[in-house]
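Number of protein chains: 2
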Amino acid sequence: MRRAAFFVSDSTGITAQTLGNALLANFPGVQFVRRTLPFVEGGRGAAQVVRALERAQAAGLAPVVFTTVKDPAVLAALAAAPGDRIDLLGGHLTELEQVLDTTASEQLGQFHTLGDTTAYFARMRAVEFAIEHDDGQSTRALDQAEVIIVAPSRCGKTPTTMYLALQHGVLVANYPLTDDDFPTDGLPPLVAPYAGRCFGVTTTPLRLSQVRHERRPSSRYASLAQCTLELRRAEQLYQRNRIPFVNSSTKSVEEMSAVILQSLELRRERLSGDESP
Amino acid sequence: MRRAAFFVSDSTGITAQTLGNALLANFPGVQFVRRTLPFVEGGRGAAQVVRALERAQAAGLAPVVFTTVKDPAVLAALAAAPGDRIDLLGGHLTELEQVLDTTASEQLGQFHTLGDTTAYFARMRAVEFAIEHDDGQSTRALDQAEVIIVAPSRCGKTPTTMYLALQHGVLVANYPLTDDDFPTDGLPPLVAPYAGRCFGVTTTPLRLSQVRHERRPSSRYASLAQCTLELRRAEQLYQRNRIPFVNSSTKSVEEMSAVILQSLELRRERLSGDESP
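For the protein sequence lines, the chains are A and C, in the order given. Here the first sequence is numbered in this note's numbering, starting from 326 and rising by one per residue. Here the second sequence is numbered in this note's numbering, starting from 326 and rising by one per residue.
Keep in mind that the hints were calculated from the coordinates and are not lab data. Hints should not be assumed to be uniformly reliable.
Repeated chains share a single entry, so a pair holds when one copy, or any two copies, can fit it.
Unchecked claim - Below, simulated DMTMM-like cross-link-like pairs (lysine to aspartate or glutamate); rule was C-alpha separation at most 20 Å, straight line: (1) 576 <-> 335; (2) 576 <-> 422; (3) 576 <-> 594; (4) 576 <-> 560; (5) 576 <-> 366; (6) 576 <-> 468; (7) 576 <-> 453.
One chain only, chain A, in its complex shape (with noise of 0.2 Å):
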């Protein structure tokens, strides 16, 4: 079965995609095809969605519409165009309103627009941090960082660390293990010093080996033996020196970016007391 899938949103369409994708994961057996429609406002705006949904349905894809819009036109006109609705804000704001005992703002929700500028302006500033301070071995970056991700190179620190400060405006540094790291047990001396700070993240070798190979091939850099040799002492210095990891080859950005947070989370609660809820 195939059906059209569409994210039609008065502000950018994040909130609906995202919502949206975690229910269609559900149907694994439905094939979908998306489409995100954002700044849906007024007339002209319900009018374009209504003919891309027309145009859908006579193409034989009968539309799922998920909707994060407000403006009550705006839904009557989706209410009269072809294909099956699912609102996402309406029912669950109600259901807020009870609970909090207080009406919903007129206004549209300001998320995911610049809002909140003190939290904004701090997540652009972690991705320069990130940015300027990729795979470099600056001891001022080390110093500044609240998360060190180290592991050997290929392993996947780099997504991680843009995903962390741009999604959480979190400082985050990475470094590099390479072979001059491992001679003893301990850690490399410039971060040793932040090992409560480190999070590693390990990988299977055949992966990190094809990784290598597609940036320099058929290098020693590359070769398999090489790749085990790397991420089995690695391992050994996150076991010896207590540093969580996370394996990149089986977890996502997000997922490593969530088991990171958490652990950041509760270091900040044991540093604050116990201030968070």
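Model the placement of chain C on the given structure of chain A, informed by the hints.
Chain C only, in chain A's frame:
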């Protein structure tokens, strides 16, 4: 009024956070102390959540719990704990089962996991591409890029580049406009062959001057006069060459990315005839 807001998930918590925060944005009069509890599984996971809810309740922060958990045992434990629950998944899954005329998979929805590895590795490659070619002027990068973000230095090219790469797997290059690029009305020669892929960014002179002062205090580069001049010339360049552009002082990275994706989709549609829904 202060409340605790918990985002409880058996996976990363991203879906619960995203929709939960979008909903909370509609209640600006309530102050929420937020906490994400990811990877909640089995009796032990449920017990930890219940303890966190009890602590919040005892601290005078009555919890609102946004959950995407599917496990009935965990849901039952939450139902017996303090706080109000908003089930973000269950109701919509039932709606979707009716709409799609099929039952949801018993398994966990595999969203935000490695899942579709082809799409995942495309995103990871896009992050590498973005970092390697950030602020670069390599012709090869421009040739491969699907989107080229063009703007004077410090207008906010980089975070948007990263967001498009990391979240959407788009190959994005960015090109800094310098004084040298303004003697003529045309696009800079390196960029000119790719005008159809270009996207401009502008901001306000005051904001640009502030950001530049952080980098090079009291420089000519950071002066309000220089910033005003560069932004005026950049906007003229965009307009004369029909390059769409956005203002980073009023739009978030998420909003700018949504605008850019929208125009990218339209272009893909034009290129492919009318294949998409």
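Quiz prompt | Structure versus earlier hints - violations, ascending order | solution = Of the numbered hints, 2, 3 and 6 do not hold.
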